[in-house]
Structure formats: structure tokens, C-alpha cells
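> Numbering (the numbering used here), first residue to last: 1 to 410.
All clues stand as given, with none of them false.
Taking lysine-lysine and the BS3-like style, the derived pairs with C-alpha atoms no more than 27 Å apart in a straight line are: (1) LYS255 with LYS81; (2) LYS218 with LYS148; (3) LYS47 with LYS59; (4) LYS176 with LYS148; (5) LYS191 with LYS47; (6) LYS178 with LYS159; (7) LYS148 with LYS183; (8) LYS176 with LYS191; (9) LYS173 with LYS148; (10) LYS173 with LYS191; (11) LYS218 with LYS176; (12) LYS173 with LYS159; (13) LYS159 with LYS47; (14) LYS191 with LYS59; (15) LYS218 with LYS255; (16) LYS81 with LYS148; (17) LYS218 with LYS178; (18) LYS59 with LYS81; (19) LYS173 with LYS183; (20) LYS148 with LYS178; (21) LYS81 with LYS178; (22) LYS218 with LYS183; (23) LYS159 with LYS176; (24) LYS191 with LYS159; (25) LYS218 with LYS81; (26) LYS183 with LYS159.
Computed Cβ-Cβ distance ranges for the label pairs, DEER-style: (27) ARG180 with GLU86: 24 to 32 Å; (28) GLY172 with ARG89: 30 to 38 Å; (29) LEU26 with SER229: 52 to 60 Å; (30) PRO253 with ASP108: 32 to 40 Å; (31) ASP234 with ALA349: 40 to 48 Å.
FYI, nobody ran anything at the bench for these hints, they're computed from the structure.
Computed from a predicted structure; not experimentally measured.
All residues carry an ideal CB built from backbone N, CA and C; glycine is no exception.
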Amino acid sequence: MTFRQYLETSVAALKRNRSRSALTILGIVIGITAIILVMSLGQGAQKLIISQFSGFGTKSVTVIPGRQFEGPSLAGADSLKQRDLESLRNESNVPHAVRVVPLVFGSDVGSFESETFRGPIYGSDENLPLVFEMEPAEGVLYSEDDVKGSTNVVVIGSKVSEELFPNGDGLGKRIKIKNRSFKVIGILESKGASSLINFDDGYIVPYTTAQNYLLGTKHFDRLLVDVDSEENLDQTVEDVTRTIRDNHNITDPEKDDFQIVNQADLLETFGIITTALTYFLAAVAAISLLVGGIGIMNIMLVSVTERTREIGLRKAVGATTQNILFQFLFESVVLTMLGGIIGIILGAAISFVVYIIITSGFPSLGWEFVFPVGGAFLGIGVSTAIGLIFGVYPARQAAKKSPIEALRYE
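Produce the entire structure from the sequences given, and follow the hints as far as they go.
If you want it as C-alpha cells, here you go:
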């Protein structure tokens, strides 16, 4: 028999018991649907997470105060000072740095008349918008003179504006933070999280103002270093490390009181982690395929018993043991492949519905629908393999039947 004949015979046999065939492949459909759904949502989440970290760009490094965790606290969390900022801005120390931006942060309540809103406080210099591509919807951002003079000015996020000024008339008004009056000089466009920092619900002030009047600190929580090209990232990390060690009189690398994070490496690491997690969850979802495979083997064994006389008749008219084996094996594979195809379509459809729901409820989130091509091929391959593995035993049982005994079967 040819491949086409095997296929036609298998399809005809399955059509005779449509209800049973549909119920048989249900386990496969559920398993493949779960795999496609998990992989689609997992890849969508991966893109979202990476896009948040990409907000700071891949041509950058971040200097974080403190050594690795030692017990419950972070040792040396106040190690980055003004001297370090000035040293890193010195071109002779870090020649490939385009800009070095300080960042301090805290949290407090801002108020205007009877309205209040608690949000994060970000203190930085006039270069912060260049790093995070921030644009004011209204007003302006503070200047270098505001930073030098520790001016009481504030740029507020879109959510802060909505909460404190429901009528949308916040520009130029004065709000209070820690009983200190700040003039609102700018209102940011709604942008959502960028590099895991959400400025929409934040108060942004000159870092000198934040240190002197709001946070009461003299250190930095981050130093953000923009590099002129990705090729110079490694060299910049070395230059930054050497410069800070010299400032802190550190000769033993194990005693570093700071950490340097390469944004490109961080993105790659997160990509690997999220991919591994997605495939792990898909593997967990695939366990249901085992149940589906056992169901198919069970039904195929029942089918062999019911069709004993048919097997005997086929052998009597010349069908070989191999013909019978392949016939039942084809039926099993056709069942599972059909289940796989339905599962892929159903999984993609559910993923798309989830995508629509997420984008409708959270339009600023930036969630993307991803059809997992690799998952589709995996689904087809797995379903075919299940058909072969769990179809071999019933097919062999059918092929071993004696034609005389089969014809006598009642």
C-alpha cells in the first residue's frame, strides 16, 4: 500500500466513529493548547520585561553602591559620593563616557490643597531626560542652574498630575512635599515603566534638592554611565572600576564597596532566564499529553478488538502483517496530529484574546501578541511522536492476529 492509501484508509476508519475520535484527541488538544498558550504568553512577557530594561539602552553601565549581600543588609550602601561623580565625569578617567548621571530616590506624599498622592521621589541632574528619553507634555524640565542652586522645583508624572490636579491645571502651581513648597514646572507625558522605573507616578527634582531637603543624604543610589558605543562597554567598566577603587583606596577587588551592572549583559541574562522559564512551564503543561497518549492507546486497543473480523478479512485477501501494522499506526498518528493542529489554533486564539484584554485594560503596558512558531513545530512534533509511541502496541496487537482466528471472532 502507498502512503496515500494508508492515509485514506485511516481517515475513513476514523470517520466511522467521529464522536469517539473527537473525545480521544481531546487530551492532545488540551495539552497542545496549554503549550502554545504558555509559550505565547511567556514570550510576550519576555519582550515586555526586556523592553523595560531597554529603556536605559544597551550602551550603558550602572554603578550601584554596596557589596554583595552579607546577611540581611547591603554593606556600604552609601559608598557613592559627589567625589565619585566628579571623577567619573573627568574625561581622562573614563574617556568613553558620554555622560554620567546621578540618581537618588525615596518616597513621600505630595499634596495640593485637599488632594494627596504618595509616590517615588527621583533626584537627578538635567541629563536625566537624555538617558530615559523623557518628554514633558506641559512646561519644561529643570536646568543645570536649578541643580546647582538646589531650587525648589518639581517635574511630576502624568499620574501624579491626575491625582493632585483632576482639572488638569497643575502647571505653575505649588505642591508640598515634606512640608516644603515646590513649584510644578513640568508635567511628563505618560510613558509607563522604563528600565523598571515608572516616572508616571513620580516626583522628579534636582538631586541636590532631594539630598538637602527631602532625603537628608549625601550619597547616590545609582550612577548611570552612558557609553559612546557598545564596543567600548568593557573598557568603560574597567575605567569606572579603577576610578572608584582609586577614590575609595581599594586594592583588593573582594573589598569593592560598589557593583557595576552592564545593561547589555543584564538584558541577555533576563532573556535566558525568561526563555528557560517559558520552556519549563511548557514542559509542565505537556504532562497532560501523557494522559492523552494513554487515552489514544486505550481507544486504539478497543478499536483493534472491535475490528478483529475486518483484520482477518484484510489478511485473507492478501494484506500483510506490515500492512495491518501501518494501517493502525497511521490511524493513531492521524488522530494525534489532528489534535495537535486543533490545539495550536486554539492556543493561538486564546493567546490573542488575552492580548486584546491586556491591551484594552492596560494600553500603556506595551504588551505584544507573539505566535510561538517554535512552539507550533514542537506541538506537531510531540503529537506525532505520541501517536507513534502509543500507537505501536495496539498496531502490533492487530498485526499479530491470525486471519483464521480473526474471521471466526464473534
